[in-house]
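Just so you know, the sequences run in chain order A and B.
Mapped onto our numbering, the consecutive letters of the first sequence carry residue numbers 2 to 609.
Mapped onto our numbering, the consecutive letters of the second sequence carry residue numbers 331 to 580.
In short, the hints are calculated from the structure, not lab data.
Any given hint might turn out to be false.
[As the list claims (entries may be wrong)] Using 27 Å as the maximum straight-line C-alpha spacing, the simulated BS3-like pairs for lysine-lysine come out as follows:
1) B:K515 x B:K482
2) A:K503 x B:K388
3) B:K386 x A:K190
4) B:K451 x B:K547
5) B:K565 x B:K576
6) B:K433 x B:K451
7) B:K386 x A:K354
8) B:K435 x B:K388
9) B:K388 x A:K311
10) B:K409 x A:K311
11) A:K512 x B:K462
12) B:K481 x A:K503
13) B:K402 x A:K512
14) B:K388 x A:K512
15) B:K402 x B:K451
16) A:K526 x B:K565
17) B:K576 x A:K311
18) B:K432 x A:K311
19) A:K397 x A:K534
20) B:K332 x A:K311
21) B:K466 x A:K311
22) B:K432 x A:K503
23) B:K570 x B:K529
24) B:K451 x A:K455
25) B:K466 x A:K323
26) B:K386 x A:K311
27) B:K388 x A:K354
28) A:K190 x B:K388
29) A:K318 x B:K565
30) B:K482 x A:K311
31) B:K402 x A:K503
32) B:K453 x A:K323
33) A:K323 x A:K311
34) B:K453 x A:K503
35) B:K565 x A:K455
36) A:K512 x B:K435
37) B:K388 x A:K523
38) B:K435 x A:K503
39) B:K409 x A:K523
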Amino acid sequence: MNGMVQVPRRTVLVCCGTGCLANNSMEIYKKLKDKAAELESGFPVIPVLKATGCNGLCERGPIIQVLPDDIFYCKVSVSDVDEIFERTILKGDVIERLLYLDASSGKRVRSFKESEFYKKQFKIALRNIGQIDPACIDDYIERGGYEALKKALFEMSPEQVISEIERSGLRGRGGAGFPTGYKWRQCSKTNDFPKYVVCNGDEGDPGAFMDRSIMEGDPHSVIEGMIIGAYAVGAEKGFIYIRDEYSLAVRNVSKAIEDAYIRGYLGRDIMGSGFSLDIEVVRGGGAFVCGESTALMASIEGRVGEPRVKYIRSTEKGLWGKPTVLNNVETWANVPVIITRGAEWFSSIGTEKSKGTKVFSLVGKVKNTGLIEVPMGMTLREIIFGIGGGIAGSGKFKAVQTGGPSGGCIPEALLDLPVDFDSLSDAGSMMGSGGMIVMDDRTCMVEVARYYLKFLSEESCGKCTPCREGIRRMLEVLEDICAGEGREEDIELLLELSETVKEASLCGLGKTAPNPVLTTIKYFKDEYLAHIKEKRCPAGVCKKLTSYRINPDLCRGCSLCAKRCPAGAISGKQGKIYEIDQGICTVCGTCREVCRFGAVEVAGRATE
Amino acid sequence: MKVIIDDKEFEAEYGEYILDVARRNGIHIPTLCHSDTVPGQGSCRLCIVEVYERGKNKVVVSCLYPITGEIKVYTNSEKIHRMRRNIIRLLAARAPGSEYIKKLKEEYGIPEETRFIVDEKEKCVLCGLCVKACEKLGSMAISTVNRGATKKVAPPFEEPPVDCIGCASCAHVCPTGAIEVRECKGKRVIWNRTFELLKCTSCGRYFITREQYEYMKNRLGIDMKELLCDRCRQKSTAEKLVSLYKKLLV
Numbered sequence: 002m003n004g005m006v007q008v009p010r011r012t013v014l015v016c017c018g019t020g021c022l023a024n025n026s027m028e029i030y031k032k033l034k035d036k037a038a039e040l041e042s043g044f045p046v047i048p049v050l051k052a053t054g055c056n057g058l059c060e061r062g063p064i065i066q067v068l069p070d071d072i073f074y075c076k077v078s079v080s081d082v083d084e085i086f087e088r089t090i091l092k093g094d095v096i097e098r099l100l101y102l103d104a105s106s107g108k109r110v111r112s113f114k115e116s117e118f119y120k121k122q123f124k125i126a127l128r129n130i131g132q133i134d135p136a137c138i139d140d141y142i143e144r145g146g147y148e149a150l151k152k153a154l155f156e157m158s159p160e161q162v163i164s165e166i167e168r169s170g171l172r173g174r175g176g177a178g179f180p181t182g183y184k185w186r187q188c189s190k191t192n193d194f195p196k197y198v199v200c201n202g203d204e205g206d207p208g209a210f211m212d213r214s215i216m217e218g219d220p221h222s223v224i225e226g227m228i229i230g231a232y233a234v235g236a237e238k239g240f241i242y243i244r245d246e247y248s249l250a251v252r253n254v255s256k257a258i259e260d261a262y263i264r265g266y267l268g269r270d271i272m273g274s275g276f277s278l279d280i281e282v283v284r285g286g287g288a289f290v291c292g293e294s295t296a297l298m299a300s301i302e303g304r305v306g307e308p309r310v311k312y313i314r315s316t317e318k319g320l321w322g323k324p325t326v327l328n329n330v331e332t333w334a335n336v337p338v339i340i341t342r343g344a345e346w347f348s349s350i351g352t353e354k355s356k357g358t359k360v361f362s363l364v365g366k367v368k369n370t371g372l373i374e375v376p377m378g379m380t381l382r383e384i385i386f387g388i389g390g391g392i393a394g395s396g397k398f399k400a401v402q403t404g405g406p407s408g409g410c411i412p413e414a415l416l417d418l419p420v421d422f423d424s425l426s427d428a429g430s431m432m433g434s435g436g437m438i439v440m441d442d443r444t445c446m447v448e449v450a451r452y453y454l455k456f457l458s459e460e461s462c463g464k465c466t467p468c469r470e471g472i473r474r475m476l477e478v479l480e481d482i483c484a485g486e487g488r489e490e491d492i493e494l495l496l497e498l499s500e501t502v503k504e505a506s507l508c509g510l511g512k513t514a515p516n517p518v519l520t521t522i523k524y525f526k527d528e529y530l531a532h533i534k535e536k537r538c539p540a541g542v543c544k545k546l547t548s549y550r551i552n553p554d555l556c557r558g559c560s561l562c563a564k565r566c567p568a569g570a571i572s573g574k575q576g577k578i579y580e581i582d583q584g585i586c587t588v589c590g591t592c593r594e595v596c597r598f599g600a601v602e603v604a605g606r607a608t609e
Numbered sequence: 331m332k333v334i335i336d337d338k339e340f341e342a343e344y345g346e347y348i349l350d351v352a353r354r355n356g357i358h359i360p361t362l363c364h365s366d367t368v369p370g371q372g373s374c375r376l377c378i379v380e381v382y383e384r385g386k387n388k389v390v391v392s393c394l395y396p397i398t399g400e401i402k403v404y405t406n407s408e409k410i411h412r413m414r415r416n417i418i419r420l421l422a423a424r425a426p427g428s429e430y431i432k433k434l435k436e437e438y439g440i441p442e443e444t445r446f447i448v449d450e451k452e453k454c455v456l457c458g459l460c461v462k463a464c465e466k467l468g469s470m471a472i473s474t475v476n477r478g479a480t481k482k483v484a485p486p487f488e489e490p491p492v493d494c495i496g497c498a499s500c501a502h503v504c505p506t507g508a509i510e511v512r513e514c515k516g517k518r519v520i521w522n523r524t525f526e527l528l529k530c531t532s533c534g535r536y537f538i539t540r541e542q543y544e545y546m547k548n549r550l551g552i553d554m555k556e557l558l559c560d561r562c563r564q565k566s567t568a569e570k571l572v573s574l575y576k577k578l579l580v
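Could you build the full structure based on these sequences and the hints that come with them?
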């Protein structure tokens with residue numbers, strides 16, 4: 002071009018997912034942007050700044066990536082901005098101290114792709130997140146976005162699209178793992194109009210943020226998937242149901258829909274294909290039960306969010322009694338990739354009955370908490386100790402809770418279990434939407450079961466008897482056990498109530514609610530017995546069943562526990578063995594936390 | 331089409347509910363939230379049965395499970411009996427004040443509750459029939475509020491409901507007698523609202539609230555020329571028919 006030299010660009014991706022935002026990443030982004038704007042023209046590098054969705058490694062946020070140099074900075078603070086700008090963005094130098102410190106090797110790595118956290122992952126649903134600005138449709142298109150839609154609309158019949166999805170083996174990522182292609186076919190066969198497509202973005206499991214990250218970080222992938230699905234089944238109207246607490250997701254999805262309309266990917270006669278589709282966002286009121294498909298539909302219709310019996314499927318009578326395909330956010334996000342790359346490619350990933358990948362939010366007592374995507378069939382051990390980097394702090398692995406409140410706790414003995422739909426349900430847990438909470442030996446499993454039942458008793462819609470009354474009574478029993486009031490026959494009672502709640506409840510919430518109780522009784526019965534018979538909480542969590550003792554053989558008399566004790570319950574002399582006054586002790590656990598010699602031990606209920 | 335219930339074969343229409351076929355043939359399945367006038371709740375789960383269909387076995391509610399293929403139904407298998415007992419126990423722990431529940435408890439030999447905390451006065455089992463009846467009649471004066479263990483039936487903001495016409499259909503349809511209706515000196519009190527009652531012009535019995543009368547006239551277009559109670563209206567219609575026949579016969 003008239004002899005002008007192309008000025009090299011340096012793209013700076015600042016993670017503005019919810020986790021990083023909470024750690025001030027927006028300020029970092031703005032400051033970098035201001036500095037780039039102040040840059041005189043004629044400078045040998047043009048910095049291009051992008052605020053991206055969640056990178057996944059939330060534990061080390063805020064995160065910045067610099068391309069094409071492929072430099073990856075963690076835990077960046079606003080005070081680092083000047084240095085990053087001067088050294089890395091303008092000159093391409095690496096700032097060693099900001100690089101990712103690998104948990105297993107103890108070395109700093111320059112590229113995100115070299116980290117243990119990233120290496121074993123396989124990104125399909127999360128393919129664009131962290132790499133694009135979710136508010137910019139061109140970023141999505143640049144990475145191949147809306148190509149699948151073109152292919153579906155102009156090169157494939159609806160029937161071919163359905164059969165492609167069927168052959169891919171894609172199963173619903175919302176939890177139950179229902180075959181997506183089969184669902185679409187059922188709906189397409191129903192000769193009743195209008196038809197609807199719905200995206201379930203009412204993610205509500207404690208500790209889960211997979212769908213949130215996708216909607217925040219790559220909303221177009223969901224929209225494109227829905228347009229393809231609507232074309233396949235013959236729907237002309239779609240709804241994306243997002244819980245209202247996800248304000249950034251609501252904003253980004255709404256913006257994406259607007260842009261898709263402007264570019265002609267939504268609306269009448271999409272790209273001249275003759276196919277039309279409208280999509281709108283519906284904001285959920287925050288009831289966990291509205292993640293259940295029929296309750297969600299009731300909520301869209303403006304009624305109380307209660308489920309109905311599903312003996313007639315939603316693909317026949319769904320929203321307003323019309324055929325409806327409802328899929329989860331992650332399921333929709335998988336669709337464009339399957340269309341682009343083909344069913345054979347997709348079904349080559351994963352296990353025999355669970356194809357493709359699954360996104361998990363890996364949280365709890367694990368070093369690398371964050372958002373990950375792995376091929377189905379990877380073992381829990383590889384996920385927790387490989388990608389997750391193992392247990393954070395000095396504790397030992399005890400259990401991993403998968404599938405949120407509907408899932409169960411899986412013990413150490415089953416760590417080599419491959420993670421897929423069927424293996425997890427065989428173990429008494431479930432895939433769920435993909436929450437994975439790692440627990441160490443300072444977790445009381447009875448208390449965990451109590452926590453989930455408490456959550457469910459509040460979130461049950463209360464329509465049917467077994468769920469509303471059953472969960473409430475099971476919670477009463479668990480509260481008694483945690484308070485030392487448990488009775489010998491309580492375990493039997495819990496098991497019996499579990500059966501009724503599981504089998505006789507109306508919807509999925511009730512049908513899976515006993516799982517946390519059943520799995521903890523199955524794998525950690527000793528703990529229940531210790532609570533009930535010995536009036537002792539082995540993990541030292543249930544306050545009424547815990548007291549702390551200083552083991553005289555281990556105490557070195559350093560006085561740290563006494564200094565830190567907020568209740569002033571510890572007395573002794575420097576160099577001598579310290580002692581806890583049980584009458585004053587509030588069982589807060591500080592002494593146990595601070596003791597460097599492991600001298601503070603957990604004992605049963607204080608007798609004084 | 332054919333259906334096998336408790337090892338006996340019966341005829342059924344395609345899409346008919348198990349409960350209807352069972353009842354027609356004298357097979358007793360207990361229910362609570364089922365009403366022929368306001369069907370479709372499926373919430374109390376008392377009427378659960380075991381269904382064997384295409385080699386699979388599942389627990390369903392008979393009031394809403396449509397017969398669309400060859401199925402075998404067990405209405406009182408060991409498993410169903412055990413679970414139904416648990417459901418009754420849970421209902422009894424929730425609403426020990428209800429006579430109907432007390433009877434069920436006796437029928438199933440459920441001992442007095444000693445493990446759970448119970449509220450002796452409570453009668454409501456939250457079956458939702460009252461709300462559904464009110465909705466169907468068009469008033470929508472009451473609704474379920476809250477969720478989970480704190481769910482209850484209430485008028486908006488728990489104030490005397492503005493949209494209520496005092497027809498007491500909610501109380502009539504309630505299987506456990508949980509909705510209180512008091513009548514005294516030409517007044518009816520329901521949901522903490524007082525309604526004026528109108529008399530039957532024939533027998534002089536109070537039988538309808540003014541709001542109900544106006545609702546029928548203005549909203550439903552039913553204009554009762556004479557204000558007659560059900561009994562008197564039947565009587566007067568019968569008398570008219572008799573005189574008509576007499577004329578015809580003469």
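### Proposed proximity, K482 of chain B with K515 of chain B (alpha carbon, max 27 Å)
violated (31 Å)
### Message
Against the 27 Å threshold, does the CA-CA distance of K435 of chain B and K503 of chain A hold or violate the hint?
### Response
Within the cut-off at roughly 22 Å; holds.
### Message
Checking one constraint from the list: CA of K482 of chain B to CA of K311 of chain A, max 27 Å. Satisfied?
### Response
holds (24 Å)
### Query
Is the hinted pair K397 of chain A and K534 of chain A satisfied, with a Cα-Cα distance of at most 27 Å?
It holds: about 25 Å lies between the C-alpha atoms, which stays within 27 Å.
### Task
Could you grab the alpha-carbon distance between K451 of chain B and K455 of chain A and see if it respects the 27 Å cut-off?
holds (25 Å)
### Query
Taking 27 Å as the top limit, are the C-alpha atoms of K453 of chain B and K323 of chain A close enough?
violated (37 Å)
### Message
Hinted pair, alpha-carbon criterion (27 Å max): K570 of chain B, K529 of chain B. Please report holds or violated.
### Response
holds (22 Å)
### Message
K512 of chain A and K462 of chain B were given as a pair; does the straight-line alpha-carbon distance stay at or below 27 Å?
### Response
holds (25 Å)
### Task
Quickly compare the C-alpha distance for K481 of chain B and K503 of chain A to 27 Å and report which way the hint goes.
holds (21 Å)
### Task
Compare the distance between the alpha carbons of K512 of chain A and K435 of chain B with 27 Å, and conclude whether the hinted pair is satisfied.
Status holds; Cα separation ~25 Å.
### Task
Take a quick look at whether K386 of chain B and K354 of chain A sit within 27 Å of each other, Cα to Cα.
Given that 27 Å is the threshold and the Cα spacing comes to 20 Å, the pair holds.
### Query
If you draw a straight line from the CA of K332 of chain B to the CA of K311 of chain A, is it 27 Å or shorter?
holds (23 Å)
The structure fails hints 1, 4, 15, 16, 17, 18, 29, 32 and 35 (numbered hints given earlier, in ascending order).
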